[in-house]
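Student: In terms of my numbering, the sequence shown opens at residue 106 and continues consecutively.
These are calculated hints, taken from the structure and not from any lab test. Some clues are possibly wrong.
[To be verified] Pairs of lysine to aspartate or glutamate residues, derived as EDC-like cross-links and limited to a Cα-Cα distance of at most 16 Å, are as follows: (1) Lys175 to Glu150; (2) Lys291 to Asp274; (3) Lys149 to Asp124; (4) Lys223 to Asp154; (5) Lys318 to Glu329; (6) Lys312 to Asp274; (7) Lys318 to Glu350.
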Amino acid sequence: MYQVLIVDDEFLARKLLQDYVNKITELQLAGTAQNAFEAYSFCKENQVDILLLDIHMPDLNGIELARTLKDVPCVIFTTAYSEYALESYEVSAVDYLLKPITLPRFMQAIEKAIARLKGLAPSTEVPEASNSANTSLQTPLAHTEGGDLSNPSFLMVKADYKLYKINFDDLYYIEGQHEYVSFYTKGKRITALYSLKSLEELLPREKFVRVHKSYIVSIDHISEIDQVSVTVAGQKIPIGGSYRESLLERLG
């Protein structure tokens, strides 16, 4: 059995993950920790195969802890903040779970961790490559109110056992996060298993543009652009070097 340590400063978050761990027969809960210092001491004295690690904690955050550990186990980050996704690869994280975490998504991350522990998976992955290679990713569906698929006006997105209709006019930007993406709209954020590359090919070119390997933005909602970022709905989004020229061409 694989020993799991849960690290989170919120009791309810620890309780949820503990319930998930107990549902998987290959896992055994080694312990829980309320902060990075407790986790550091625990890892020095005990076997830990899989570390379920929150990022946003006081004094020492999860990424800093992962860098500090001498023998880093399989790290799965669990956080409510999407902006650390790319940084997590610097410590060879197995996966990055965005709260609220569903059981199916948790099980997918555990399968990846076990595969690495068995030597069946590489220690690092490139986000774009893992997106395109993952066969469990859903196929996005574009539609139009009038039925003309050559001129779609909204997406139907599957997430959390529901179907969400996302109107293109209401979609601010899309952020790629490992094997899933988050759609940021006027009303909510929807996270689902989709490939950013497939969405780039599907979305209307006159309405959306890729500005970074992790971001697609709505052209209509761009309010500012500077040397390194665009501002969309009040959110600064980085511009990747290889995307800047095409972005400027699209904006005229």
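Student: Hints first: check each against the structure and report whether it holds.
Tutor: Each hint tested on the structure:
1. Lys175 to Glu150: Holds - the C-alpha atoms of glutamate 150 and lysine 175 are around 12 Å apart, at most 16 Å.
2. Lys291 to Asp274: 9 Å, holds
3. Lys149 to Asp124: Cα-Cα ~25 Å, so violated.
4. Lys223 to Asp154: OK: lysine 223 and aspartate 154 at ~11 Å, within 16 Å.
5. Lys318 to Glu329: It is violated: about 20 Å lies between the C-alpha atoms, which goes past 16 Å.
6. Lys312 to Asp274: 9 Å, holds
7. Lys318 to Glu350: 14 Å, holds
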